[in-house]
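Taking the hints into account, I'd like the entire structure generated from these sequences.
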Amino acid sequence: MNIELYEPDKVVKGLLLFHPINTFFEIRILEATLDEGYHGIVSGIFNDPRLVPEQLQRISQAKGFFHTLNPLNPECALVQNAMLNQLSSGNGSAGSKDILQRKFLMIDIDAERPSKTSATEEQKEKAGNVVKTVHQWLSDEGWSNAIGLDSGNGFHLYYPLDNDSILDSTPYKKLLKWLKDKFTPDPKEQGATIDVVVYDLPRITKIPGTRACKGSDPSLWRMSELLMSPSTVTNGINAMQIEAINQQLSPHVITKEFTTLDQNKEPDLQAIERRKAWIKQYLPELIGTEKHETDGRLVYTLDCPFNPEHKKKGHITIFPNGGIDYACFVTSCNNNHWAEFKALYEKTDEPTWKTPQPLSVEKVATFEPELLPDPISQWVTEASANYSTPPDFAMAGIIVALSTVLGTKVAVFPKKKDKWYEYPHLWGVVIANPGSNKSSPVADAVSFIHPLQDQEDVKYKPMEKQYNSNKITHESSLIAAKENHKAAMKKGDLNTAATEKAKIDLLVTQEPKKPDQKRYIVNDSTIEKIFEICMENPQGVLYYNDELATTLDSFKKPGREDSRKSIIEAWNGKSVNKHIDRIGRGSNVIKKLCISLLGTIQPEVYVGYIGSSADGLVQRFQFAVYPDPMSTFNWVDNLISPTLLDEVAKVFNRLDHYKPPLHWYPNDIFGLHFSPEAQITFQEWVVALKNRVLNMSNDEQKVRSFIDHLNKYTSLCPKMALLFQFIVDDRAQVISQTCLLRAIATCEYLESHARKIYGVDQQGQQNVSALALLREIKEHEIDDMTVAELLKKNWKHLNKKSLISNALKKLEELNWLKVVEVGTGGRPAKKIQINPAAYDCPIEQAVQPARPKLEALREHLLKVSMNSNYNDPELDSEPDSEFLEMLSSTLF
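1 is the number of the first residue of the sequence shown in my numbering; add one for each residue after it.
Treat each hint with caution, since some may be false.
Computed beta-carbon distance windows for the label pairs [what the hints assert, rightly or not]:
no., residue 1, residue 2, range
1, Asn73, Asp646, 36 to 42 Å
2, Gln455, Ile41, 50 to 56 Å
3, Lys354, Lys830, 18 to 24 Å
4, Val636, Glu340, 49 to 55 Å
5, Lys354, Lys63, 55 to 61 Å
6, Asn653, Met83, 35 to 41 Å
7, Pro267, Pro74, 26 to 32 Å
8, Lys486, Lys459, 39 to 45 Å
9, Lys354, Lys792, 25 to 31 Å
10, Val687, Ala343, 50 to 56 Å
11, Asn73, Glu684, 49 to 55 Å
Worth flagging that the hints you see were computed from the coordinates, not collected in a lab.
Being a predicted model, the structure only gives us computed values, none of them experimental.
We put the beta carbon where it would ideally sit given N, CA and C, even for glycine.
Structure below.
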């Protein structure tokens, strides 16, 4: 029985998530047959996942394929050339001493079943319910960037750990135990169990894209598949987050409250000494009794001062970053923390200060691979990694490029019966600071169009040559006829003159027509020349200028006002039979005027166009991305897989050569509707969007511009859904639920970027002013300053009474300061008192935006992956008979 044991591309893609190039890891294969000879355990050490598939070709059968979860020390004795070998005493497997660093926390949810058997579909579905519950619960606790894997018989969640993760297994062992007790206390009842022994350093785990061959029933031997993966494995879970979960799930809950939440890479020795000096002053008997924990904490044990009966239940903890906390291990006493503890000993007359809480600053949504279908998603990820740029740059470039190639060949009908239609072409802009290398990924995306243009140029050259030849012949014949007519008239030979005149009239009507030259891209041109190109290209063209400001400025030049109006008219591609009349050029007709726009620009330059765009030109850049800068730069020197590049090129080629079905009339608009399920989803989404927009306050110009931008998402969403459907399958009869959910999640992602672009964050101006005041507190002596004195400083975002009032109110709620009235002999003055702990605390805390639409997409993809009867994840709803009948009778 021939069974495919692995899928090379999925193996490489999966391993790269865990093991970047030049990171050493072990491949271990159980009950394997190597080179048709040796049978047993096979092992090999690699430092490049791309080399693994070649070695896997040597395996003819195996029970399971695994890799070490954590990276190996490159200096360990195991490191060798990337070869698979039989496991022996001289060629051992990785142990704890060989592990360089703990990089991932693994949560293994296995279907409850007899040992050494594969899970049935019913058993696996129960495990799927558990993994969704665990993932959602941890997400609610602030855990993110999980890698999700369908292992074949269960599910794995892998959470990346930060670079300060400890080798000691104790906290991870505790965490798995508490998670098991919470989610699978009775495995028989839940139908699944959380494995509590996968915390060890040399842990091996299933390789994505390989088959699990447990038991004797081959029909249950399934491929392991990645279900979700972050674009980059960053922002790992830190020790405090793990400890917080352990404390929350343990029988005795201790709520922690730190005077600092900043996680420095090196211990803050000065801050630690300040904490120890306080203890020496007020609790000298504790000096020398501290316990040094392996993660760098200092812990003092004492009788709880709040309840004498709680002997040795109180703990003072000093953290490596200088933070400090007090807690009592008795649940009834866990409301007392450091502020209360410190006030108890200092007995100050001043009001008790609570710990300042950092201001939550929402970050812009990041690109996630699930937003795009493969191979486009995979290309975006790899191209961005090569440039060490945010994936958003490459994403915007390739989506606009693909939309241009599809152009007006096909439309989407967002309503079931209405004639409303949209073409999929888009306007896109990449916004980033100078030096962010935004141009390169965009140029790479557009370069997929160049081979298409080259092919058309090859076709055009002989036609142009033939046209020139015919034109010369025609002109010669016309000149000869005119000369003969003139000579005949001169001689008075009226018969010959009449014959030649008839020839002239015929030749005038037979003037050779210049062949249309198919064009895809225009880089630098006047609007008149673009119109001329559009006459020959009703499918549309891309106006691509890397410096978008140059394009936008050209529309503002005196005498060029019509250019701006015309480019706006070309935005939706619906301008048909447009008549262009010019002196000296006569009259011409453009069958369809369709122009896409793409370029890059700097933030402050783009913002300048927003206020001056009353006609909505800027708001039409629907695919506008403005990602947060990269936190680190990674040196990468790799080529993108030729196979992947070929797959992407084939998508472009398919869209370029797409033609509507033969039964469709040429003058009609051919288009796709949504599947019945997708139609309901789209209707609900549009209604919710429109009602949300209607309830927005539009007092400020930037808010009005943002609302105008958001209103255009009703066309953006179906455009992208159509484009995603054609990337997957250009033979589809309807747009699937999967493609629509991708489009909706992408709109959610783009809205986050739009809020940043238009300066409309979720918290509003109050957060902007509060953040500005926090920065001034750090840099200037504001303690005891009056509100009137603060206003005189005229600092940015703090130059109005209303702004200062909002900022003070916000920061008082977060325990940074107090505003008190003091006597002045006249009208009381409002004085600002700063929390003494403020100078040691971080002022802001990055918060990722809520993305319910992305989570809905992931839930859908997970549901699809777990349904064995589901054949095509991109076309999940066949239209009903009534719907098909309506489609066949709809000609617009």
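For this session: Take a look at whether the Cβ-Cβ distance between Val687 and Ala343 falls inside 50 to 56 Å.
Result: holds, 53 Å
Problem set entry | Whether the CB-CB distance between Asn653 and Met83 falls inside 35 to 41 Å | Hint holds: Cβ distance 38 Å, inside 35 to 41 Å.
Problem set entry | Status of the given 36 to 42 Å range, CB of Asp646 versus CB of Asn73 | holds, 37 Å
Problem set entry | Hint check for Lys459 and Lys486 - Cβ pair distance inside 39 to 45 Å | Holds, at about 41 Å.
Problem set entry | Distance restraint hint 49 to 55 Å, applied to the beta-carbon atoms of Asn73 and Glu684 | 53 Å Cβ-Cβ, so the 49 to 55 Å window holds.
Problem set entry | C-beta pair Gln455, Ile41: status relative to the range 50 to 56 Å that was hinted | holds, 52 Å
For this session: Mind checking the hinted window 55 to 61 Å against the Cβ distance between Lys354 and Lys63?
Result: holds, 57 Å
For this session: Could you say whether the range 49 to 55 Å given as a hint is met by the Cβ separation of Val636 and Glu340?
Result: At 51 Å between Cβs, range holds.
For this session: Please test the hint of 25 to 31 Å on the beta carbon pair from Lys354 and Lys792.
Result: holds, 30 Å
For this session: Take the C-beta atom of Lys354 and the C-beta atom of Lys830, compute their distance, and say whether it sits inside 18 to 24 Å.
Result: holds, 21 Å
Problem set entry | Outcome of range test on Cβ distance (Pro267, Pro74; 26 to 32 Å) | holds, 27 Å
The earlier numbered hints are all upheld by this structure, with none contradicted.
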